[in-house]
Amino acid sequence: MSRGRKKRILIAKPGLDGHDRGVKVVARALRNAGMEVIYAGLHQTPLQIVSAAIDEDVDAIGLSILSGAHNTIFPKIMSFLKDRGASDILVFGGGTIPKKDLENLKSLGIGEIFTTGTDTRAIIDYLNTTLER
Amino acid sequence: MNNQKDRETIESGHRRSNGEDSFKNLSGFKIKALYGPEDISHLNPETDLGLPGEYPFTRGIHKTMYRERPWTIRQLGSLDSPSRANERIRQLLKMGATGISLCLDMPTIMGKDSDDPLAEGEVGSCGGVAIDSIEDMRNLMEGISLDEISINFVSNSQSAVLLAMFVAVAEERGVPLEKLTGTMQNDILKEYQAQKSYYFPPRPSMRLTMDTLSFCNKFLPRFNPISISGYHLASAGATPVQELAFTLANGFTYVEEGIRAGLSVDSFAPRLSFFFKAHNDFFENIAKFRAARRIWAKTMRERFGAKDRRSCILRMHAQTSGSSLTAHQAENNIIRVTTQALSAVLGGTQSLHTNAFDEAVSIPTARSEKLALRTQQIIAGESGVINTIDPLAGSYYVEALTDQMETECYKYFNEIENLGGVISAIEKGYYARIIADSAFRYQEKIEKGKRTVVGLNEFFEEEEIDIQLREADPGFEDEKVSGLTDFKKNRDHALVKACLNDIRDVSQGSDNIMPALIKAVKSCVTLGEIIGVMKEVFGEYREDYIY
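Protein chains in written order, with UniProt numbering: chain B, 1 to 133; chain X, 1 to 547.
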């Protein structure tokens, strides 16, 4: 990304679950850290999320999922991004995700998964470091 | 002895120095080092506390409380498929559970059938059971005595449909409706405020709630048609005092609506029940439960003119705090759950659900669930706390805190009233703003080390002990979808269509929707089909996202 521009982050909650405490805390923490945050809201389909990311010209997509549907939903998002030629958008995620699933999710090209108990400063540091490269 | 000076010395002695956050409870009240007679000098034991089982019920709703009957030990009996959930319910009862809560999977929560494209990957999710049709309800309830075992359906936007299925199955089995016991959570207001599994705008949702309330009032006198739930508000971030104030305000709104729907207050208020969180701060939780009963009793009598003492009784279910559990050193959660459960008992709950220690990571295993159940049995059987009723009454601290909870609640009641009532406050983003603020502050305190979380911001260890997690059944979704496909194929299609047309007509009018729903589910119409038609009539709700 070009220097000087604020980092633009799309935060989304794919799937049917409405537990939005975590996603809102992260959205606010990123905003307080000087990033431009677009919160796509609840019940978003993978296609809606990818379209929004492209329309909004974001640098990264942050996905929150607590329902256990990550193994179905994350791969779809990665594949839609690829189809639309937008694989350069960094994808990271978080939520109730067992350790055993992390490796597989990262092999799809997801940059990082932040599980329960993560400090928001770790997410900010990660985005600052990764998006400056 | 200079009493005043001694007090000052005590107040200034800080063990820890978290600056302005020192010694605050979760509601943000500053807690003094010592409480004494002067803190409860205005307390009138007769009118403010009463005896157990007597107005204003601060000391508990029963004369004998747990000496006669312990609280209902209510654990989660849900699993992906209705028949597996049924098996689970029977196991829990055999292990000594005395009540059951049933969660739904995400598609059912969102009013979608298992074969809906948006349900993919989520059928049987979140430890919830997938209910598409009457067939699922039959399998779920098989062999379970509907007039003895109280099942708490954690069902909200789809409650009218689930109630219709429950009633239809009872009729098939020849169980008289007046004997049916159980609860529908059916608390739509907190969905807009916190839990977010709404479909329709608040007004039509409230109409459906009132239809179920009136129906139960007429035909299911032992059934609890609404469980007014603070738990979800607290899980979304509300502080304990906010949870208390918002929940009671929601309760009063249902009472107003019931009266507006033409019911007399004493005909339905006794069946309203509540659901609160037992969070980390031990005494704050006890004070919250006691204040809840007192505020409810006074308001029901003074504002709504309730004559029946049962209308003034706040009956509650409680659950330990899922949001306080940590993924790090997950076994520490066993201890958190124990102290939270104990506070719920000392607060006088009627029913309790203890969380399993692995819930911050995954759906619980049979082993962790059993441990959660045994935790309650140990408190009930071994700790001796049930031997006397409301043992903390008269405690300078507990009574002062109970008072403070009550006083602070009225500040929120006034704010809500000034916004034009609960529904209008929802539409103005009042709850979304307050809850997001509280959630953010809570996280901030943890990250700055101002609130201790053992194993996370204190006593952290790099190395994590591996715990055994439950494995989901990967074949379940396909199995459920194919079963539903067969079910839909083998029904009277013209009848299905006619039932859906009826539902559309009744939705557009103002008659009670329950008879049309019962007829439809008996005719094999599915949950997703019914909600689909209702959405055409009622529209769908969209919230403004505030964070």
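One should not assume that every hint holds.
Said to hold, decoys possible - Listed below are several chain X residues computed to face chain B (Cβ distance under 8 Å; list not exhaustive):
{"hint": "1", "residue": "Met-106"}
{"hint": "2", "residue": "Leu-118"}
{"hint": "3", "residue": "Gly-121"}
{"hint": "4", "residue": "Glu-122"}
{"hint": "5", "residue": "Ile-149"}
{"hint": "6", "residue": "Gln-195"}
{"hint": "7", "residue": "Thr-326"}
{"hint": "8", "residue": "Ala-360"}
{"hint": "9", "residue": "Ala-439"}
Said to hold, decoys possible - Okay, the calculated bits of chain X under chain B, using three or more residues with CB under 8 Å as the criterion:
{"hint": "10", "stretch": "231-241"}
{"hint": "11", "stretch": "490-496"}
Derived by calculation from the structure, the hints in this document are not laboratory data. Note that beta-carbon positions come from the ideal geometry of N, C-alpha and C, so glycine has one too.
How the hints compare with the structure:
no. : hint    : verdict
1   : Met-106 : holds (4 Å)
2   : Leu-118 : holds (7 Å)
3   : Gly-121 : holds (3 Å)
4   : Glu-122 : holds (5 Å)
5   : Ile-149 : violated (28 Å)
6   : Gln-195 : holds (6 Å)
7   : Thr-326 : holds (6 Å)
8   : Ala-360 : holds (5 Å)
9   : Ala-439 : holds (5 Å)
10  : 231-241 : holds (count 3)
11  : 490-496 : violated (count 0)
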